[in-house]
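J.: Here the protein sequences come in this chain order: A and B. Quick note on numbering: our numbering labels position 387 of the first sequence as 387, and the sequence is numbered without any gaps. Quick note on numbering: our numbering labels position 195 of the second sequence as 195, and the sequence is numbered without any gaps.
Derived by calculation from the structure, the hints in this document are not laboratory data. Small disclaimer: the values here were computed from a predicted structure and weren't measured. Any given hint could turn out to be false.
Unchecked claim - As a list, the in silico DSS-like pairs of lysine-lysine whose alpha-carbon atoms are at most 30 Å apart:
| no. | chain 1 | residue 1 | chain 2 | residue 2 |
| --- | --- | --- | --- | --- |
| 1 | A | 590 | B | 166 |
| 2 | A | 309 | A | 571 |
| 3 | B | 65 | A | 590 |
| 4 | B | 92 | A | 216 |
| 5 | B | 25 | A | 226 |
| 6 | B | 25 | A | 61 |
| 7 | B | 25 | A | 642 |
| 8 | A | 216 | B | 25 |
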Amino acid sequence: MPSFVPYLVHTLFPPTVRLPDILLIDFGLICAGIGVIVLLTKTRRWGWLWNDWLTTVDHKKIAILYLIAALVMLMRGGIDALMLRAQLALPTTHFMPASQYDEVFTTHGTIMVFFMGMPFIFALFNAVVPLMIGARDVAFPRLNAMSYWLFAFGAILFNISFVIGGSPNAGWTAYPPYTGLAFNPGPGENYYFLALIIAGMGTTMTGINFLVTTLKMRAPGMSLMKMPMFVWSTMVTSALILFAFPPLTVALAMSLFDRLFGSHFFTLARGGMPMMYVNLFWLFGHPEVYILIIPLFGVFSEVVATFSKKMLFGYPVMVASIVAIMFLAYGTWVHHFFTMGAGPAVNAFFGLSTMLIAIPTGVKIFNWIFTMWGGRIQTTTAMLYQMAFIPVFMVGGATGILLAVVPADYQLHNSYFLVAHFHNVLIGGTLFGLLSGLYYWWPKMFGMKLNETQGKWAFWLFLIGFWVTFLPQYLLGLKGMTRRMYTYPLGFGWHDLNVISTFGAFIMGAAFVVLVYNIVWSLLYGERDLTGDPWDGRTLEWSLPSPVPEYNFPRIPVVHDRDAWWAMKQKGQSLADLRPEDVHDVEMPKNSPIPFLLGASFFVLGFGMTFAWWPIAIIGFVGIILCLLFSGFDYNDHHHLKADAIRQTEATLGRLQG
Amino acid sequence: MSLPSVDEHAQKLPLEFADEHESLKITGFWMFLVTDVLIFASLFSTYAVFHNSVAAGPTADQLFKMGPVLLETLLLLTSSFTIGLGIYAMRKGQVRALMAWTFLTILLGAGFVTTEIHDFVSFAALHATWHTSAFLSAFDILVGTHGAHVTFGIFWAVTLLFQLKKHGITERTARKIYTFSLYWHFLDIVWVFIFTFVYLNGKLG
Numbered sequence: 001m002p003s004f005v006p007y008l009v010h011t012l013f014p015p016t017v018r019l020p021d022i023l024l025i026d027f028g029l030i031c032a033g034i035g036v037i038v039l040l041t042k043t044r045r046w047g048w049l050w051n052d053w054l055t056t057v058d059h060k061k062i063a064i065l066y067l068i069a070a071l072v073m074l075m076r077g078g079i080d081a082l083m084l085r086a087q088l089a090l091p092t093t094h095f096m097p098a099s100q101y102d103e104v105f106t107t108h109g110t111i112m113v114f115f116m117g118m119p120f121i122f123a124l125f126n127a128v129v130p131l132m133i134g135a136r137d138v139a140f141p142r143l144n145a146m147s148y149w150l151f152a153f154g155a156i157l158f159n160i161s162f163v164i165g166g167s168p169n170a171g172w173t174a175y176p177p178y179t180g181l182a183f184n185p186g187p188g189e190n191y192y193f194l195a196l197i198i199a200g201m202g203t204t205m206t207g208i209n210f211l212v213t214t215l216k217m218r219a220p221g222m223s224l225m226k227m228p229m230f231v232w233s234t235m236v237t238s239a240l241i242l243f244a245f246p247p248l249t250v251a252l253a254m255s256l257f258d259r260l261f262g263s264h265f266f267t268l269a270r271g272g273m274p275m276m277y278v279n280l281f282w283l284f285g286h287p288e289v290y291i292l293i294i295p296l297f298g299v300f301s302e303v304v305a306t307f308s309k310k311m312l313f314g315y316p317v318m319v320a321s322i323v324a325i326m327f328l329a330y331g332t333w334v335h336h337f338f339t340m341g342a343g344p345a346v347n348a349f350f351g352l353s354t355m356l357i358a359i360p361t362g363v364k365i366f367n368w369i370f371t372m373w374g375g376r377i378q379t380t381t382a383m384l385y386q387m388a389f390i391p392v393f394m395v396g397g398a399t400g401i402l403l404a405v406v407p408a409d410y411q412l413h414n415s416y417f418l419v420a421h422f423h424n425v426l427i428g429g430t431l432f433g434l435l436s437g438l439y440y441w442w443p444k445m446f447g448m449k450l451n452e453t454q455g456k457w458a459f460w461l462f463l464i465g466f467w468v469t470f471l472p473q474y475l476l477g478l479k480g481m482t483r484r485m486y487t488y489p490l491g492f493g494w495h496d497l498n499v500i501s502t503f504g505a506f507i508m509g510a511a512f513v514v515l516v517y518n519i520v521w522s523l524l525y526g527e528r529d530l531t532g533d534p535w536d537g538r539t540l541e542w543s544l545p546s547p548v549p550e551y552n553f554p555r556i557p558v559v560h561d562r563d564a565w566w567a568m569k570q571k572g573q574s575l576a577d578l579r580p581e582d583v584h585d586v587e588m589p590k591n592s593p594i595p596f597l598l599g600a601s602f603f604v605l606g607f608g609m610t611f612a613w614w615p616i617a618i619i620g621f622v623g624i625i626l627c628l629l630f631s632g633f634d635y636n637d638h639h640h641l642k643a644d645a646i647r648q649t650e651a652t653l654g655r656l657q658g
Numbered sequence: 001m002s003l004p005s006v007d008e009h010a011q012k013l014p015l016e017f018a019d020e021h022e023s024l025k026i027t028g029f030w031m032f033l034v035t036d037v038l039i040f041a042s043l044f045s046t047y048a049v050f051h052n053s054v055a056a057g058p059t060a061d062q063l064f065k066m067g068p069v070l071l072e073t074l075l076l077l078t079s080s081f082t083i084g085l086g087i088y089a090m091r092k093g094q095v096r097a098l099m100a101w102t103f104l105t106i107l108l109g110a111g112f113v114t115t116e117i118h119d120f121v122s123f124a125a126l127h128a129t130w131h132t133s134a135f136l137s138a139f140d141i142l143v144g145t146h147g148a149h150v151t152f153g154i155f156w157a158v159t160l161l162f163q164l165k166k167h168g169i170t171e172r173t174a175r176k177i178y179t180f181s182l183y184w185h186f187l188d189i190v191w192v193f194i195f196t197f198v199y200l201n202g203k204l205g
C-alpha cells in the first residue's frame, strides 16, 4: 500500500505537469473552486444552481450554458495561442520547452474546434431556432440536455489533462503512428480520444435533435421555402453532423483500442496502416469545416437582411448553394493529404471537387452584397462583423483555391501558408459570425443590449489584430516555415514576420478582454430591451418579449410569408393582441437530473479508461446503465402549464387583451 | 385550435404514431439509425482495406467455420420474423401475444450471442485475436460491434417486457416496442452484409 502513493503521484503528476506555470494554474483552480463553493453556500444558491440550471431541459437555458462554456473555452484556447505566439517571437529563449509547445498547440486546435466553435454554434441553435420556427421547444428536450452534459463533461475531461497526467501532444488531428503507445506513452492521447468520443456523442444527438426539430416542428404555414435562412443552415448543419461524426467516432475508438487493448489498426506492425486513420478522420474533418461555417452563413444572412432593411437577395439560390455545399463537402476529404501518394487521377478529382465548392460560396458572397445594395444599412456591431467577414472570407477562400491546386499543395502543405489559410476562414468566417450572432441575439437571450460603443472597440481590435497576425503568416509559409515548429534559427528571415504576427495576436487578446468587459458591463448597466424587437427584426423570435417566457409562444403563430414577423408588422398585426380564450394548457417537459448524471458517469468512465484504472471505469459504466434504466422506466416526464398561469405571465408583459 | 380532421387522421394511424411526441421519437430513431448505418459503413470499409493484412496470422479462409455462422444466421433471421409477429400482435392489441413474441425474440437473440461468443473463444484458442493482425482487428471490431448491438438489444427488450407488464399497450409502450423492432431489423440487415462480405467472401473469395 505505501508504494501505491508514489505510483499515484507519478501517474497523475508526471514531470511535465510539475512545471511552475502549471502548478500556478493548479493553485489558481483550487482557489477559484473553493471560492465558488463558499460563494454558493453563503448566498444559498445550491438549490438555484441545481433546479434552474443543472437539471434544466429548457432550450433557452441550455443555450446560455453552451454560451458560457464556449466563452470560457475561447479564453483558454486564446491563452494557448498567445503562449504559442510568445514562443515563436522569442525562438532563442526557452519560454516553453518543446514538449510543452507540442501540448499547447494540440490543445489550442482541439479546444477551438471542438470545445469553442461547436458549443458556440449550438448556443445560437438553442437560443433561437425553436423561436424562429414557432415551436415551444426542440423535438427532444431531455436529449438536448444530455447533449449538453456529454459535451460539457467531455470538455472537462479534456481540460483536466493539462493539470493531471499531461495533455495530448499529437496535434488536433492526432495522426498515428505518433499517437501509438510505442511513440507516445502516458495518458495524454487517451484523454484526447475519450474526450472527443464523449463530446462527439453529444454532438451527434444535437444533430438528430435539430434535424427533427426543423423538419417536423415548424409552425403551420411555414413551408421549407418560408424558413428563415438560419433555420435552413441549422437543418443542413444537422444533416452534416449526422453523416460526419460516425466515421470520427470509429477512427477515435480504433486508435484508443490500439493504445489500450493492443489491436493493430493504425500501428506500423502486423499489417496496420496509419493512412486508414487519416482517411477516416478527414471523412469527418472536411464536413466538419462546413459544420463550422454553414451556421454562420445563416447568421450573416439574418444580420444582413435585418440591418439593410431588405429581404435577403436571392433566397432560393442561397438555399440551393448551402445544399450544394452539403453534398460537395463529402467529395473533398483527400485534399487534406494530397501527398499520401494516391496518384494523379485521384488527386486531380479531389482538387477539382474542392475548387467546385468555390462556386456556391461565391454565389452566397454576391447575394449578401446584393442584399446590402440599395438598402438602408445600419452599422451596428453585428453588421460590422458581417461587412468585415466578406473581404476576409474571400481572401481565405482564394488561398484555399491555391491550396487545392495539387502541385502547389505539394509545396505549401504543412507550411504557415496553410495555417494562415485556415485561420483566415475560421476567424474571418466562424468567429466573426459567432460574434455577429452574439451581438444580434444577445437582447433576445438576456433581455438587454450589449453596449454598442464597447462592441465596436472590440470589433476593430479583432479585425486589425486578425490581419496583423495572419498576413505575415502567409509570407512565412512562402518563405518555407512549417507549422508546429517551436524554434528556428535567426538567419532565415523569419524572425521579423513572427514578431509582427505575435504583436497582432496580442491585439486580438486585447479585443477579447474588451469583449468580456463589454459583456460584464452590459449585464450590469446595459440598455434593457422592453419591446422584444430592438433591431426591427424580420423573423418570429422578435415577435416575443425578451427574455422569452418558458413556454415561448402562448399561441402558436400561423405563418404566411418568408420573413413572417416583418410581414405581420407590415400588415399591422401583432402577436401581443392575445385574447384570454386563445390561451390553453400547455404540455411542457419536466426538468430531469438524468442528463447531468449521465454526463458525469461518462466522465468517470472516461477518466478511468484514460489511466486504465478499470475499477473506476466500471463505476462510470454502472452509472451509465443506471441512468439509462431510470430514463426508460420514467413515464412522468411532462407537466401541464395551466392556461391561467400563462394568462397571468402574458398580462404582466402587457400582451393580453382585456 | 382543435381540428376534428386531425383527430380523425390520428385515429387511423397505428397507436405508436397517434401521439405527436411519440411519433416524433420514431422520426428521431430513424435519424439515429442513419448514424448507426454510418458507424457500420466505416467499420465495413476498414475491414475491406484490412481483409488481406493477415501479417503472420491465419487468413479468413483458414479461420472461418461456416457451421456456427449458419446457425447464427438462422437464429437472427428467425428472431427478426418473431419480432415482426410481435408488432402484428401489438397492432391487434394482444399484449400477452406481444410479450410472448418479444420473449421468443430475446431467446433467439441470446442464442445468437452465445454462438458468436463460442466462435470467438474458439478463435482465441488458436491465438487468432486482435493482437495477431490488422485483419483480425478489423474483423473483431466489425463483428464485435454488431454482437454488442445485439447484446444491448437483448437487455433493452427485457426492460420493455417489464414496462409492458406494468403499463400494457399504450401510445408510449407501443412506440418503444416499435423502435425496438426497427433496431432489431436493422441489426438483421447488417448481419446479412456481414455474412456475405465477411464470411462468404472470406471462404469463397
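J.: Could you run down the list of hints and mark each one as holding or not?
T.: Hints versus structure:
no., hint, verdict
1, A:590 with B:166, "holds (22 Å)"
2, A:309 with A:571, "holds (16 Å)"
3, B:65 with A:590, "violated (53 Å)"
4, B:92 with A:216, "holds (28 Å)"
5, B:25 with A:226, "holds (25 Å)"
6, B:25 with A:61, "holds (22 Å)"
7, B:25 with A:642, "holds (25 Å)"
8, A:216 with B:25, "holds (11 Å)"
Checked against the numbered hints above, the structure breaks only hint 3 and satisfies the rest.
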